[in-house]
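S.K.: All chains, full assembly: derive it from the sequences and hints.
Same order as they appear, the protein sequences are chains A and B. For the first sequence, the working numbering gives the first residue as 60, with consecutive numbering after it. For the second sequence, the working numbering gives the first residue as 60, with consecutive numbering after it.
Among the hints, a few may not be true.
[As the list claims (entries may be wrong)] Derived EDC-like pairs: lysine to aspartate or glutamate, alpha-carbon spacing no greater than 20 angstroms straight-line:
1) B:304 x A:108
2) A:264 x A:280
3) B:304 x A:109
4) A:304 x B:109
5) B:304 x B:359
6) A:264 x A:212
7) A:168 x A:575
8) A:168 x A:235
9) B:304 x B:575
[Said to hold, decoys possible] Estimated spans, in silico, between C-beta atoms of each pair:
10) B:479 x A:334: 34 to 44 angstroms
11) A:508 x B:575: 40 to 50 angstroms
12) A:129 x B:359: 36 to 46 angstroms
13) A:132 x B:581: 33 to 43 angstroms
14) B:128 x A:307: 25 to 35 angstroms
15) B:585 x A:133: 37 to 47 angstroms
16) B:305 x A:283: 49 to 59 angstroms
Because the hints were derived from the structure by calculation, they are not lab data. Remember, predicted model here, so these are calculated numbers, not experimental data. C-beta: ideal position from N, C-alpha, C; glycine also.
Protein chains: 2
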Amino acid sequence: MGIMSVMFALKHLVPDEERNAVRDHALVVPLTLFVAVLCLCLLIGHLLEENRWVNESIVAIFVGCIAGAIILLISKGKSSHILTFDEELFFIYLLPPIIFNAGFQVKKKRFFHNFFTIMLFGVIGVFISASIITCGSWWLFPKLNFLDLTVRDYLALGTIFSSTDTVCTLQVLSQDDTPLLYSLVFGEGVVNDATSVVLFNAVQKIDVSKLDSRTLRVVGDFLYLFSTSTALGVVAGLITAYILKALSFGRHSSVREISMMMLMAYLSYMLAELFELSGILTVFFCGISMSHYAWHNVTEISRITTRHVFATMSFIAETFIFLYVGMDALDMSKWRMTKLGIVNLMGIYSGLIFLILLGRAAFVFPLSALANYMNRRSEETPSITFKHQIIIWWAGLMRGAVSIALAFKQFTYSGVTSDPINATMITNTIIVVLFTTLVFGCLTKPLIRYLLPHHATRATTSYEEETTEPVEDMNLPLLSFEESAATNISRAKESLSMLIESPVYTIHYYWRKFDDAYMRPIFGGPRANNSDC
Amino acid sequence: MGIMSVMFALKHLVPDEERNAVRDHALVVPLTLFVAVLCLCLLIGHLLEENRWVNESIVAIFVGCIAGAIILLISKGKSSHILTFDEELFFIYLLPPIIFNAGFQVKKKRFFHNFFTIMLFGVIGVFISASIITCGSWWLFPKLNFLDLTVRDYLALGTIFSSTDTVCTLQVLSQDDTPLLYSLVFGEGVVNDATSVVLFNAVQKIDVSKLDSRTLRVVGDFLYLFSTSTALGVVAGLITAYILKALSFGRHSSVREISMMMLMAYLSYMLAELFELSGILTVFFCGISMSHYAWHNVTEISRITTRHVFATMSFIAETFIFLYVGMDALDMSKWRMTKLGIVNLMGIYSGLIFLILLGRAAFVFPLSALANYMNRRSEETPSITFKHQIIIWWAGLMRGAVSIALAFKQFTYSGVTSDPINATMITNTIIVVLFTTLVFGCLTKPLIRYLLPHHATRATTSYEEETTEPVEDMNLPLLSFEESAATNISRAKESLSMLIESPVYTIHYYWRKFDDAYMRPIFGGPRANNSDC
Chain A
60 MGIMSVMFAL KHLVPDEERN AVRDHALVVP LTLFVAVLCL CLLIGHLLEE NRWVNESIVA
120 IFVGCIAGAI ILLISKGKSS HILTFDEELF FIYLLPPIIF NAGFQVKKKR FFHNFFTIML
180 FGVIGVFISA SIITCGSWWL FPKLNFLDLT VRDYLALGTI FSSTDTVCTL QVLSQDDTPL
240 LYSLVFGEGV VNDATSVVLF NAVQKIDVSK LDSRTLRVVG DFLYLFSTST ALGVVAGLIT
300 AYILKALSFG RHSSVREISM MMLMAYLSYM LAELFELSGI LTVFFCGISM SHYAWHNVTE
360 ISRITTRHVF ATMSFIAETF IFLYVGMDAL DMSKWRMTKL GIVNLMGIYS GLIFLILLGR
420 AAFVFPLSAL ANYMNRRSEE TPSITFKHQI IIWWAGLMRG AVSIALAFKQ FTYSGVTSDP
480 INATMITNTI IVVLFTTLVF GCLTKPLIRY LLPHHATRAT TSYEEETTEP VEDMNLPLLS
540 FEESAATNIS RAKESLSMLI ESPVYTIHYY WRKFDDAYMR PIFGGPRANN SDC
Chain B
60 MGIMSVMFAL KHLVPDEERN AVRDHALVVP LTLFVAVLCL CLLIGHLLEE NRWVNESIVA
120 IFVGCIAGAI ILLISKGKSS HILTFDEELF FIYLLPPIIF NAGFQVKKKR FFHNFFTIML
180 FGVIGVFISA SIITCGSWWL FPKLNFLDLT VRDYLALGTI FSSTDTVCTL QVLSQDDTPL
240 LYSLVFGEGV VNDATSVVLF NAVQKIDVSK LDSRTLRVVG DFLYLFSTST ALGVVAGLIT
300 AYILKALSFG RHSSVREISM MMLMAYLSYM LAELFELSGI LTVFFCGISM SHYAWHNVTE
360 ISRITTRHVF ATMSFIAETF IFLYVGMDAL DMSKWRMTKL GIVNLMGIYS GLIFLILLGR
420 AAFVFPLSAL ANYMNRRSEE TPSITFKHQI IIWWAGLMRG AVSIALAFKQ FTYSGVTSDP
480 INATMITNTI IVVLFTTLVF GCLTKPLIRY LLPHHATRAT TSYEEETTEP VEDMNLPLLS
540 FEESAATNIS RAKESLSMLI ESPVYTIHYY WRKFDDAYMR PIFGGPRANN SDC
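M.R.: Structure below.
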């Protein structure tokens, strides 16, 4: 519908005689081209599956670059505008399926098991990383003759380069061999995406002139956004679960069940955007609560279908984005606008990449130590070894679609800018994304193979495993509690000491009791305590 | 991508200060609203599933009308423009999944079995119906003081009101109880859609001033479009099947298989549009060849997922369209433009509805007789009884989304018109669609119950049955041929007499032999001859 009102705007820009041409070709040619290139990406990605250095993102970026170059040659440098990145398309159509799928497919048991550590990395980590990158670039850029950025630009820059892209790391980590590592990297990736977007929006609202009195407002805003967005997502998931259960949708048609889940998920995202909350957090928690409750209320066929169709939509959206980044890298107009010399530009690029490395190291190692300290008493959770810390550090160095989208939001109006400073910032972002994805991405498989030699052999199938194995066989330490709790008194004492010694587990334990007693009877889901909650 | 370039256009229309508001709300508010209303439709449709009079289309139109009225009240008559129907959205995003799903889910054995009859109804029928409606309105409209339509407008009008919408008939016909009837109604519905669109495009290209010498060109154009579009669709399906089989996509990931099938189907449609062929025919035959070959080359999980996800996408697109029609019915600006009195308008509406009834009767009964005459020798095919003929006639009386889309294409620029004649034609179309869908649609269930009393009890689950039962148990008469064919000479004689007596069966028989011997080994699919070909 938005599209329509917009199409209407376009048509009135075009003189009468040209209308038919526009109507026939304005959408058809680029769409055909894009779908064809997407198919090509899929094909090449599949053929290079076994390759040691390459992953899906790298293939998509490369194919995008080549396609962009061909288009540029054919149109003699004119058509870069058709392929301009539009952050509206990204935030409204491409991001929701990716994030929803992340929530839907996440192994909730492990995610909540490591909830504390994930939150440390994903929330506190982004704050640390963003401040280091902001301060570092503030100090560095003027020295490289790159002036005129505002305070708000520097703050935005910190969040832009703090959002990670862990897709290609997840492709080489095995969920079954290294459950802790996989869960931490995956969980941090999701929370990090959400935090960056929320922080970015909070930073944009700061009144820079009154910075002293309002610094704390950012934290307050952040907490408010985080809690309301989460609540909205969970409620949307619960409503869906209740509707599916109470009205037994599957009785007539699994098509309706699947439609309902898709539409409600999207509705939760759009509602969050409407209320100016974080759609990304909402849709993530909507995914979690849907797979925890709603998914159990549908027919077997709908379960298989939803699990795979969400994965497919997410996959297509991701490939689309990387293809896009590859094509947009050749938008010549922005490159021509930059007024800096090659030496200064190189300085900026390497400075930014160094800051990314530093900013991430500054929180991964200290926060890992903190997490290990917090979990020191619980024998069930293995501590994060130094090798694991290196992998976590490395896994978050890639910058991806979220960085690009935020950069376009900050420095352009819908992908168009006439200001040399802004154009330079866009090209900086593209260079950093290309460099980190290509160079760091290529080195990920060898690095993991070097650090975890025994896992590397079965690494390539992890994506498929993640999506096809709903059954978990991890032995949850929680189960042992139930046996030992003989009487109420001893249980109460135990609970108290548990809460002091390992707060996360205790919360988890009481949550499960509450879930079994009240939530699942209302909203659906198996009540056996060894299921995949 | 088209969207992006268009968004770009929009942003430049808006002054700087308003940009943020536009960016935040231009898409979010209408999308949220629309998705919410879609969810509501689903819910109400489910609750009214058992109802005797109502079907999905009627629910969607009603909910759309109510939502439109509420929006109109809130915005005080201003916001009808946001909800303007856009035929580009329809032809590029909504129609392809519907038609592809029709091809993908059609029971090919039965479809090709009745191929001759379906083609009679779907192609010759549209020509007959369109000429009757064109001539009738040419005679009628000037008498009702509705002048100034061009020859091309009258020709377009004939095709606009010849495209049927059989969704609600299919919901009440049972595929298992009345296979012949179901197959004829379903097959005609698909071919009819394609024929109307192709004929509409052919008519638009006619040079009216040289009508005498070029009348035959329409037929030639039509045959050319029909054959090339079909070939493109089949080739796209075969390429997909070959890629999936040769590269064993399923080895790594069923997500890639599903993506590949979706993207290739869409690519075939877009390529057809690019080459100015009929995308609707292409994607229909792409669906048929994909489900015949490609579907057998993927993993079991992908089979279940594709079957249901295509049905879901088609379902959402259909609901979307009817919702849209309901909302657009309240576009007040067009109603105010009409200069005709209420009596004349009523005359036009009833005249059009009478012409639709007449135009359809004029081909269903004669062509049924012809089909019965052609099939008189083949004892296996039951002839079409008079009761069945009435149901076929009735089933095609509803006018739906294709009519609306074609009307908007002929009489507006992207849903906007300032000409009173054009505005009247749009409101005429909407009234006819609403009337036929509501009145004829409501009477369908009772009519079928009256004519076929023993089938009505199990009628409501046909949609689900259609999508979940890939296995067919219909005894094909062809199988008996193979046993009787002992020697080559006797077989050759038999073939010749077969070809004369029942050409469709003979072609079908040789096609199966060719398929088993050459096509399936290359493109995949089971070679046992009792499978669902």
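S.K.: Each hint: holds or not?
M.R.: Hints versus structure:
1. A C-alpha spacing of about 17 angstroms is found between residue 304 of chain B and residue 108 of chain A, which places the hinted pair at or below 20 angstroms, so the restraint holds.
2. A hinted pair counts as satisfied when its Cα atoms are at most 20 angstroms apart, and residue 264 of chain A with residue 280 of chain A qualifies at roughly 10 angstroms.
3. Restraint check: the Cα-Cα separation between residue 304 of chain B and residue 109 of chain A comes to about 18 angstroms, which is no more than 20 angstroms; the hinted pair holds.
4. Restraint check for residue 304 of chain A and residue 109 of chain B: satisfied, since their Cα atoms lie roughly 18 angstroms apart, inside the 20 angstroms limit.
5. Taking the CA atoms of residue 304 of chain B and residue 359 of chain B, the gap is near 14 angstroms; set against the 20 angstroms cutoff, the hint holds.
6. About 12 angstroms separates the Cα atoms of residue 264 of chain A and residue 212 of chain A, which keeps this hinted pair within 20 angstroms; it holds.
7. Proposed proximity of residue 168 of chain A and residue 575 of chain A is supported: the alpha carbons are some 14 angstroms apart, at most 20 angstroms.
8. This hinted pair checks out: residue 168 of chain A and residue 235 of chain A have alpha carbons roughly 14 angstroms apart, not beyond 20 angstroms.
9. For the given pair, residue 304 of chain B sits about 16 angstroms from residue 575 of chain B by alpha-carbon distance, which is consistent with the 20 angstroms threshold.
10. The given range of 34 to 44 angstroms is respected by residue 479 of chain B and residue 334 of chain A, whose C-beta atoms sit roughly 42 angstroms from each other.
11. A hinted range of 40 to 50 angstroms holds for the C-beta pair residue 508 of chain A and residue 575 of chain B, which are about 47 angstroms apart.
12. At about 39 angstroms, the CB distance of residue 129 of chain A to residue 359 of chain B agrees with the hint of 36 to 46 angstroms.
13. Judged by the Cβ atoms, the range 33 to 43 angstroms given for residue 132 of chain A and residue 581 of chain B holds: they are separated by roughly 36 angstroms.
14. Separated by about 32 angstroms at the C-beta atoms, residue 128 of chain B and residue 307 of chain A satisfy the suggested range of 25 to 35 angstroms.
15. Taken as a hint, the range 37 to 47 angstroms holds for the pair residue 585 of chain B and residue 133 of chain A, whose Cβ atoms sit roughly 44 angstroms apart.
16. Look at residue 305 of chain B against residue 283 of chain A: about 55 angstroms separates their beta carbons, and that is inside 49 to 59 angstroms.
Every hint, counting from the list given before, is met by this structure.
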